[in-house]
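For the sequence shown, our numbering gives the first residue as 75, with consecutive numbering after it.
Simulated from the structure, these hints should not be mistaken for laboratory data.
None of these values were measured; they are calculated from a predicted model.
We put the beta carbon where it would ideally sit given N, CA and C, even for glycine.
Do not take every clue at face value.
[Said to hold, decoys possible] Dumping the calculated DMTMM-like pairs for lysine to aspartate or glutamate here, alpha-carbon to alpha-carbon at most 25 Å:
hint : residue 1 : residue 2
1    : K241      : D337
2    : K241      : E187
3    : K241      : D137
[What the hints assert, rightly or not] Distance ranges between label pairs, derived from CB positions:
hint : residue 1 : residue 2 : range
4    : D137      : M269      : 38 to 46 Å
5    : L183      : A143      : 34 to 42 Å
6    : L80       : F131      : 39 to 47 Å
7    : K282      : V192      : 18 to 26 Å
8    : T185      : L118      : 19 to 27 Å
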Amino acid sequence: MSPAILFGLVAAVCYGTANVIARFSGRSVGVLPTLVWSQLFLLLCASIAVLLLCARFEGDLIDWAALLAANLSIIAATACLYRGLATGRLSVVAPVMASYGAVGSGLSLLTGEEATPVLLTGLSLTVVGAILSALPSKTRTNSKTSGVWLAAGAAVFYGLGYWLQGKFVLPAFGPVPTIWLYYLNSAAVFGLTAMLRRTPVLHFGGAKDVALLLITASLSGGGFAAMMVAQADGEIAIATALSSAATAITVVLAFLFMKDKPDWKGWLGVAAVVAGIAILQLAAG
């Protein structure tokens, strides 16, 4: 199994589980405090990795500009996603956000990444299945409360950010510096936002809230690190498409632990994701 497929799947599992936990953390602790503390915790972890691996930060002006643009895009996407998960409907936010796989893969293919018909079939099945797997069973919903616009923003910004990272940032800096610089930027942005909005970030309901924060941070950080490794060999379209299968993971977890039974569209989407992954593995082999 190629690194892009293996670590793309790891990213999907981490992100899919984090989506479920972040919903509870955002409602219990608050969206902005969750973001502030999770980014600070992950910045600490990334700093330890930088020191242990003696990572070097080398790049020209264009590389640094691309890094800043990618980081700001992913920061904006993360804010949209967490806000949407906390205030909107999971069944609406998850499938719309999953379309970032189409955005990122499309940008990658448009900018020169090679793709065979078999690979395109696998990518299409994976992305469509990710979206289909979490479509709500009822089509009527209030767009003001569903979180659809926040999810759409997350999809566009995630797709753009991951493409920029895979295309420009990772080749220049490598995975560890890229991860550290992202969490440095995100911790600064969310921390400054909390200060300007005077949002209290030190109010916790007890050990449960702290545990939710740590689990959310660890899963999202694990997914992000896996995503960087998956993209390191330049297979951006595969890595991005597979990571978007996180929605299928979310649907399965919601069914197993939250008694949220998907309809036929959900199971069809999960099946499409599995088929897409199998085809991608066939194309890679």
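Numbered hints the structure breaks, given as an ascending list: 1, 4, 5, 6, 7 and 8
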